[in-house]
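Asker: Taking the hints into account, I'd like the entire structure generated from these sequences.
There are 6 protein chains.
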Amino acid sequence: MIYLTRRAEFSASHYYHSAELSPEENRRIFGKCNNPHGHGHNYVLEVTVEGEIDRRSGMVVDLKHLKEVLQREVTDVLDHRFLNEEVAAFRESIPTTENIAIEIWRMLVPKVDFGRLYRVRLYETPDLFVDYYGPQEQAASTQT
Amino acid sequence: MIYLTRRAEFSASHYYHSAELSPEENRRIFGKCNNPHGHGHNYVLEVTVEGEIDRRSGMVVDLKHLKEVLQREVTDVLDHRFLNEEVAAFRESIPTTENIAIEIWRMLVPKVDFGRLYRVRLYETPDLFVDYYGPQEQAASTQT
Amino acid sequence: MIYLTRRAEFSASHYYHSAELSPEENRRIFGKCNNPHGHGHNYVLEVTVEGEIDRRSGMVVDLKHLKEVLQREVTDVLDHRFLNEEVAAFRESIPTTENIAIEIWRMLVPKVDFGRLYRVRLYETPDLFVDYYGPQEQAASTQT
Amino acid sequence: MIYLTRRAEFSASHYYHSAELSPEENRRIFGKCNNPHGHGHNYVLEVTVEGEIDRRSGMVVDLKHLKEVLQREVTDVLDHRFLNEEVAAFRESIPTTENIAIEIWRMLVPKVDFGRLYRVRLYETPDLFVDYYGPQEQAASTQT
Amino acid sequence: MIYLTRRAEFSASHYYHSAELSPEENRRIFGKCNNPHGHGHNYVLEVTVEGEIDRRSGMVVDLKHLKEVLQREVTDVLDHRFLNEEVAAFRESIPTTENIAIEIWRMLVPKVDFGRLYRVRLYETPDLFVDYYGPQEQAASTQT
Amino acid sequence: MIYLTRRAEFSASHYYHSAELSPEENRRIFGKCNNPHGHGHNYVLEVTVEGEIDRRSGMVVDLKHLKEVLQREVTDVLDHRFLNEEVAAFRESIPTTENIAIEIWRMLVPKVDFGRLYRVRLYETPDLFVDYYGPQEQAASTQT
Chain U
69 MIYLTRRAEF SASHYYHSAE LSPEENRRIF GKCNNPHGHG HNYVLEVTVE GEIDRRSGMV
129 VDLKHLKEVL QREVTDVLDH RFLNEEVAAF RESIPTTENI AIEIWRMLVP KVDFGRLYRV
189 RLYETPDLFV DYYGPQEQAA STQT
Chain C
69 MIYLTRRAEF SASHYYHSAE LSPEENRRIF GKCNNPHGHG HNYVLEVTVE GEIDRRSGMV
129 VDLKHLKEVL QREVTDVLDH RFLNEEVAAF RESIPTTENI AIEIWRMLVP KVDFGRLYRV
189 RLYETPDLFV DYYGPQEQAA STQT
Chain H
69 MIYLTRRAEF SASHYYHSAE LSPEENRRIF GKCNNPHGHG HNYVLEVTVE GEIDRRSGMV
129 VDLKHLKEVL QREVTDVLDH RFLNEEVAAF RESIPTTENI AIEIWRMLVP KVDFGRLYRV
189 RLYETPDLFV DYYGPQEQAA STQT
Chain A
69 MIYLTRRAEF SASHYYHSAE LSPEENRRIF GKCNNPHGHG HNYVLEVTVE GEIDRRSGMV
129 VDLKHLKEVL QREVTDVLDH RFLNEEVAAF RESIPTTENI AIEIWRMLVP KVDFGRLYRV
189 RLYETPDLFV DYYGPQEQAA STQT
Chain L
69 MIYLTRRAEF SASHYYHSAE LSPEENRRIF GKCNNPHGHG HNYVLEVTVE GEIDRRSGMV
129 VDLKHLKEVL QREVTDVLDH RFLNEEVAAF RESIPTTENI AIEIWRMLVP KVDFGRLYRV
189 RLYETPDLFV DYYGPQEQAA STQT
Chain G
69 MIYLTRRAEF SASHYYHSAE LSPEENRRIF GKCNNPHGHG HNYVLEVTVE GEIDRRSGMV
129 VDLKHLKEVL QREVTDVLDH RFLNEEVAAF RESIPTTENI AIEIWRMLVP KVDFGRLYRV
189 RLYETPDLFV DYYGPQEQAA STQT
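Chains as they are written, first to last, in this note's numbering: chain U, 69 to 212; chain C, 69 to 212; chain H, 69 to 212; chain A, 69 to 212; chain L, 69 to 212; chain G, 69 to 212.
What the hints contain is simulated information worked out from the structure, not anything from laboratory work. One thing to keep in mind: the hints can contain errors.
Said to hold, decoys possible - Listed next, the in silico BS3-like pairs over lysine-lysine satisfying Cα-Cα at most 27 Å (straight line):
(1) G/K100 to C/K135
(2) C/K100 to L/K179
(3) L/K179 to U/K132
(4) H/K100 to A/K135
(5) A/K135 to U/K132
(6) C/K179 to U/K132
(7) U/K100 to H/K132
(8) C/K179 to U/K100
(9) U/K132 to L/K135
(10) L/K135 to A/K100
(11) L/K100 to G/K179
(12) L/K132 to A/K100
Stated by the list, open to error - One-sided and incomplete, this derived list gives chain L residues near chain G with beta-carbon spacing under 10 Å:
(13) T73
(14) F98
(15) T164
(16) E166
(17) I170
(18) L196
(19) Q204
Even for Gly, the Cβ is constructed at its ideal location relative to N, Cα and C.
Answerer: Printed below as a string of structure tokens:
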């Protein structure tokens, strides 16, 4: 088993607001991230695929295919978007780094027909990132 | 003469649209940056001050003071903002990297009472940045 | 489960010397790090917290709270210090990257009342870092 | 248990070609990497060793020794080489990032007489890297 | 006047050898870079264009156009190439970082019909780079 | 003319104190940097040399020679040192980033027998650096 990670980038804007919280709670918890005009980030995404090396190609995964999947399924959808308004998943959930990482997992997992999707890492800034290994049962059997 | 540079960061969103261009021209020139919902970046700002070393402190500029000026005059104003809607300067001009850099110069120059403001460098992403040395006559006499 | 990591920085000085080793052994093992005047580093700390996403906030942990805890419990204590002389823990143990990482774990674990402290990563330089997952029994049950 | 990682770098060239594939398949799968003249990279290697802290030295591993082993066993062998032609292991297997990482594991494992070799991470570019934890049985018992 | 810089990357291999030097001199001066099999790098290129801001677009240069020019004129030509054998300019001159930077200037200058080409910076590794401002007379009148 | 820059690193500790200032002024101006135990940094040095390309070697400067000069004249002297106590130049002047950069210029200029020393850039942290182009008269004639 070997783990291959590919990095991609997208720029998007978002804001944090929960309909279940009062305006005061929204301001207290989310601070300046609660500004409904939105603000933005250069997100950096690292997607890790786990697999065995194909003897003929010497690779876990066809890199061109992986790059195309990442672009078509993720960055073309999220890049240059106001996540709260323009991406359906975030009409229901707040586009926090955590929720975006989980959404990216969901976007990718049905399309990964090479190896197995192992981890989604998402940097909001160089100083803040999250790691998601999939739903509990799956993660338990595969985490490293 | 010595040049001291301090880096700061802010996250903001923006979009590109010119009232002087037709919708078609806006789309052609600005592409996905023309999306009026906005998208965002982690901007990285480098401000360079030129001066002589104060013999007693061994410094060109009081670093705490410089940090405070950058925060109060620039990052507190731009951070977590939708630049087109929330920053007055960008009601008139498009918040391109070029125009934001020039606006930051204008914000800082009256407040730099230590040394001389030499350069504003602004990164929109790690792969794209602009340098501004001030209005022509000033730049001509000080550029290095 | 999701893992959120926040980065922080501090600058400190240290030197390596063991009272259990002869002067010759100290010099041989520690080389120029044995210089008792000390030398310094810009340490980079990455603290990872594991938890479930709070449905209302969309977050594993209140980021403002995490930032305050890191600053109060760790960086305010270690920043701009000569670790051997000014931080009590290092009167007994040598402030190697390994021991500083473990000490940071001890400083943080009683204060992490959100999620669970999962990992402390400490970079001494960009080319050298250590990872600590807590005392053995705890690490065994939680490592990813 | 604590994990110490040291980074090293080497520059090498390679190309991708499989004798088991037709010329058309080689071109289709490997694209411009199939160019037999070779092309090159600044590889970045991160080697992680797992161990307990030696009470007297405060360290998992003698850093000077680790640095020497990395240089003698890995970077002196691979640096400034055309991997396909000049490194015996790659006469049989294609020098993909995956295979180079595994080869580095094999080069290092008999020489690591301190702690236990835990992981080899190899970056081909900042946007593409692989992680190898050793042959299956060993990895299963040690992964974190 | 404002200066806009765009970064691009390419991977190539090369070796250093001068027909005017004896084999001994080649080995002494170029060391392991003299290996005729070649070795490689991930080159990072930063191209700076100087100009005035177009009032309607708020930009010095059409970024899409600049990106296309860099790709068509430079990275498509140099990426995944063995420079000594596959790029005509380096049949006559040694593909040192200095000479590659000058060659990139030559490739770009007739194609820059926006602003004025101001500087080519080329990193061979993160620790080594060159800056070229064009032929002397031109550089003298434009350098900053 | 072309400009070649080489990067080097050293770790050192220092503190800020002026004998010409009262204890109160020292504390006010230098803050926690006034702590006499010292604190430390991983300094990053970039040295730029300006010259013409040697036709036979294709280089401005013999890179091995430049590397040796930087190591012998600068990093061997400053690395793993408490600058205030162990480097003679800083008995008289405060080891601020500004003064260290100037001192490195003085260390290097008599040894640069290749090209011309153009600039010393010194990073104290990734967020703070200074540039020094030499004494005024020299800088005036050579700056770019």
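Asker: So which of the earlier hints does this model not fit?
Answerer: Hint check: 3, 5, 6, 13 fail, others pass.
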